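S.K.: Mind docking chains B and C on chain A? Use the hints.
Residue numbers (numbering that gives the first Met the number 0), protein chains in the order written: chain A, 0 to 377; chain B, 0 to 298; chain C, 0 to 261.
Calculated directly from the structure, the hints in this document are not laboratory data. What you are looking at is a predicted structure, and each value in this text was computed from that prediction instead of being measured. A few of these clues could be false.
Dumping the calculated EDC-like pairs for lysine to aspartate or glutamate here, alpha-carbon to alpha-carbon at most 20 Å [claimed, not checked]:
| hint | chain 1 | residue 1 | chain 2 | residue 2 |
| --- | --- | --- | --- | --- |
| 1 | C | 223 | B | 159 |
| 2 | A | 131 | A | 95 |
| 3 | C | 223 | B | 141 |
| 4 | C | 223 | B | 164 |
| 5 | A | 338 | A | 287 |
| 6 | C | 93 | B | 8 |
Listed next, with one range per pair, are the computed distances between beta-carbon atoms [said to hold, decoys possible]:
| hint | chain 1 | residue 1 | chain 2 | residue 2 | range |
| --- | --- | --- | --- | --- | --- |
| 7 | A | 140 | B | 10 | 31 to 41 Å |
| 8 | C | 23 | A | 171 | 47 to 57 Å |
| 9 | A | 15 | C | 76 | 30 to 40 Å |
| 10 | A | 166 | B | 293 | 28 to 38 Å |
| 11 | A | 222 | C | 76 | 52 to 62 Å |
| 12 | B | 192 | C | 76 | 42 to 52 Å |
| 13 | C | 23 | A | 138 | 44 to 54 Å |
| 14 | B | 106 | C | 38 | 33 to 43 Å |
| 15 | C | 2 | B | 203 | 14 to 24 Å |
| 16 | B | 293 | C | 9 | 33 to 43 Å |
| 17 | A | 272 | B | 293 | 46 to 56 Å |
| 18 | C | 6 | B | 200 | 23 to 33 Å |
| 19 | C | 9 | B | 28 | 46 to 56 Å |
For glycine and all other residues, C-beta sits at the position ideal for the given N, C-alpha and C.
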Amino acid sequence: MGSDSSVEIRSLTKRFGDVAAVDGVSLDIRRGEFFSLLGPSGCGKTTLLRMIGGFELPTEGSIRIGGADMTRTPPYERPVNMVFQNYALFPHLTVEENVAFGLRYHGVVGRERQATVVGEALALVQLEGYEKRRPHQLSGGQRQRVALARALALKPEVLLLDEPLGALDQKLRKEVQVQLKHLQRSLGITFVFVTHDQEEALTMSDRIAVMNRGRVEQMDDAARVFERPETEFVANFMGASNFFAARVREVADGTLRLVLAAGGEVRLPLNGRPHRPDEVVRFVVRPEKLDLRARDLSGHGVPSVGVTIEERVYQGISTLWIVRDAADERFVVYEQNEKPFEEASPFAVGGRAFLCWSPDHAVIIRGETGIRDETGAP
Amino acid sequence: MTGGERSSERTAFRLLLPPWVILGAFFLLPLGVLFLMSFGRRGTYGGLKPIEDLGTYIASGKFLAQYARSLHPIYLQIFWRSLWMAVVTTAVCLLVSYPVAYYIAVVAPARRRNLLVGLVVVPFWTSFLIRTYAWMFILRTEGLANRLLMASGLTSRPVELLYNDFSVLIGLVYGELPFMILPLYASLEKLDLSLLEASADLGAPRRSTFWRVTVPMTMPGVVAGIILVFVPSLGQFIVSDLLGGAKTILAGNLIQNQLAVARNTPFGSAVAFELTAAVLALLFAYTVYTKRTGQDVLL
Amino acid sequence: MRRRATLLGVHAALVYLFLYAPIAILVLFSFNRTNQTAVWQGFTLEWYRSLLHNALILSAVRNSLLVGAVATAIATVVGTLAALALGRHEFRGKGATRALLYLPIIIPEIVVGAALVTFFGVVGLRLSLATVVIAHVVFSISYVAIVVRARLSGFDRSLEEAALDLGARPLQTFWRVTLPLILPGVVSGALLVVTISIDDYVITSFVAGVGATTLPLQIYSMLKVGVTPEVNAVSTLLLAGTIVLILVAQRLQQPPPERAEG
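Pulled out of the complex, with its shape left as it was, chain A reads as follows (with noise of 0.2 Å):
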């Protein structure tokens, strides 16, 4: 607990009724971080965002601003400021009264001193000459900027994003995700993001939350979320779903030598937990990390599974491939269309193939996310 943290939650709770929306969630945002809370619907994640906003008071815990406590503070009183899901810019406001709309009482009075003040709020989201229009007269990538403009000028020690880019196309959101990025960098203001997008959450974040059904599954650094997923959920969340059942039968030397379930034997590199001998654990592999090769590698220490070709789908750069194992456990694999496109592929629907992939992109998750174990572990 130090002055490098923005926002310090300890054992939040927020129920509505009998359902917990966010249930007993503790975590630390760091100073001039990109934090992004990211899960799908009815997870908690705005629930907890309009927590630190101060929309919505919070059950149990308490929550830390600047190193103050504003656990009941009202959202006036509070260093943040928020970007809404629909932007909500005031419809009898102009463009420049709405970015003004909050310096009154941020002690920026005066007409002059408030004019300089809009026009940098507008010049960092480059919307300059766009002052007297209405909000119904701006584009939806224009609304979310003034959105941005009007919660920075405030100049908030934290900055929350609700989902803000939701309502733009495709095309638009790729580009203002690596705008908002950089302006993120360049002004050093904490932002806490929260997001449903998995791909989103990993372009812009320095670290991710990934929550699900009110609890915090994983924090971890972006890349590590994505490359290390801790639970099945956050596996599957990040399209991670080729999940293999095996039991250890020796722990040494730094290796886990396990038996699959569908038959062979894999060695995985130890991640740190402990093992022992006869425990049944679960691994999971990326759909692209995964190979499919005509012969058994595995005596050239190269995990391979036999699996029957279910299914091939073409999407243009890869080609995805959909297979059984011997357990009657399904598979994916993402194989990038490299060769050239009229040299057959060696396999069909229906025919016999092996799985393999580098023991390094094993990663054993935790069990315990409440999902069914077919092996019978825990």
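M.R.: Relative to the frame of chain A, chains B and C by itself:
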């Protein structure tokens, strides 16, 4: 209840203080007084006859004398006529309005829809009195209708068009028609036209589609319209007073007459509460209906 | 298909004719030169001119305007408060409050009038313009509350949250964001209430004291005596006035453009 909810409730109570006080003092309280009046008896010079002993008064059943009186055939006949007039008015309005609402919502070009609805809304809000007077003006013995009848040679002498059930009916239908068209339009406008196409696609002839899809889908509007027309027709006063003769007394006229002319407040109150009870029963039935269908075009 | 559409169109046209022809005839004959009122004898403004010299009508107009203005002012504020409470807050007794607000419109006018006049008699309040104002406030509150409540239901709560977020306190938020945004609803509710107040006959006839004759009461008593072109003239003026108010109210009730685009 969290702190936020409690403070929200406090704010609500502060906001509601003026409406509660005004409606409590000048609406609920007067209704209560009127209700009590209905259990009294008229004094010799109007007003209330003093009650000597409340116990014996209640035990003797005298407090229900006004309600008993209202069951006399003379009054039953008035209630029956009010009811019958309201039923006929509602039926005529429904039959006339449905095709109009259908035309506005489905057939008419979209750009003209607002204008057509607006033309129904305007009479909805304009003076009922003057709209009733307009018919008085037309149906008089020396009025336009009689002139047209005579000019066409259908009759050689003016016909008595005013002061009968027919003129009251015209006045009622004329006054209430917008109240039927608007809810019907509201539910027809929401009707998903692709449902009609789906029905046709499934082989239903047009008549069958109308009865099996359109009508059931717009039932909430039909029910709301019936309520909006039937309830005011039942308590109607102006139309029967201006367009009806002495023979066309309705419940509304009876109440007005007892209170303002006969100075029999107890009896007038009793009839007023019978009317109120009928209206509230209808509205209760309506809320049960909307709870069941989950669709309320009205409230 | 076409034939059906044509039939429906013809039917609709006849119904619109039915709705407007009587009004049109009434208006037309207010300009008729004779008081043999069923025969058109040429255009005149005679009857309007004579209205200006009719002391009874002039005083009735004055009374109506006074009652309309005062009742509307009170009912608009009180009705808006009720709408804000119902639209914004959760509280015990919400269902009962909503019912209480609908009741004055639901209960037959004649009953409301009877109850008020009896009540005024019991508490010894002399019938006057003041009792008319009270009666009009009672039913007007409900109309304002309903119209403003409708406006609030389309109101985006996040706008108020945004104001709070930007540092405005709740009361400042109300004046700077909420009120400007619901103002069209408030004004349109007020305009409708003015028309209802100026048009009301039934309730007013019960609670108006001597010298508190409003325009509808005056017209009614003229009708009872006999139909004259003067009645047509004053009716035309009343119609024209209320139609203007209604059109303005309708305009204001249209949703603002920024909502339409989403």
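S.K.: Take the hints in turn and mark each one as holding or not.
M.R.: Going down the list of hints, with the structure as the test:
1. 223(C) <-> 159(B): 18 Å, holds
2. 131(A) <-> 95(A): 6 Å, holds
3. 223(C) <-> 141(B): 16 Å, holds
4. 223(C) <-> 164(B): Holds. Residue 223(C) to residue 164(B) sits at ~19 Å (cutoff 20 Å).
5. 338(A) <-> 287(A): Since the Cα atoms of residue 338(A) and residue 287(A) sit roughly 16 Å apart, the hinted pair holds (cutoff 20 Å).
6. 93(C) <-> 8(B): 10 Å, holds
7. 140(A) <-> 10(B): 31 to 41 Å: For residue 140(A) and residue 10(B) the Cβ distance comes to about 37 Å; the hint holds.
8. 23(C) <-> 171(A): 47 to 57 Å: For residue 171(A) against residue 23(C), whose Cβ atoms are near 56 Å apart, the range 47 to 57 Å holds.
9. 15(A) <-> 76(C): 30 to 40 Å: 34 Å, holds
10. 166(A) <-> 293(B): 28 to 38 Å: 30 Å, holds
11. 222(A) <-> 76(C): 52 to 62 Å: Holds, at about 60 Å.
12. 192(B) <-> 76(C): 42 to 52 Å: Since the Cβ atoms of residue 192(B) and residue 76(C) sit about 44 Å apart, the hinted range of 42 to 52 Å holds.
13. 23(C) <-> 138(A): 44 to 54 Å: 48 Å, holds
14. 106(B) <-> 38(C): 33 to 43 Å: Taking Cβ atoms as reference, residue 106(B) and residue 38(C) lie about 40 Å apart, which means the hint holds.
15. 2(C) <-> 203(B): 14 to 24 Å: 20 Å, holds
16. 293(B) <-> 9(C): 33 to 43 Å: 36 Å, holds
17. 272(A) <-> 293(B): 46 to 56 Å: 53 Å, holds
18. 6(C) <-> 200(B): 23 to 33 Å: Holds, since residue 6(C) and residue 200(B) (Cβ atoms, about 24 Å apart) stay within the stated range.
19. 9(C) <-> 28(B): 46 to 56 Å: 53 Å, holds
Going through the hint list in order, the structure satisfies each hint without exception.
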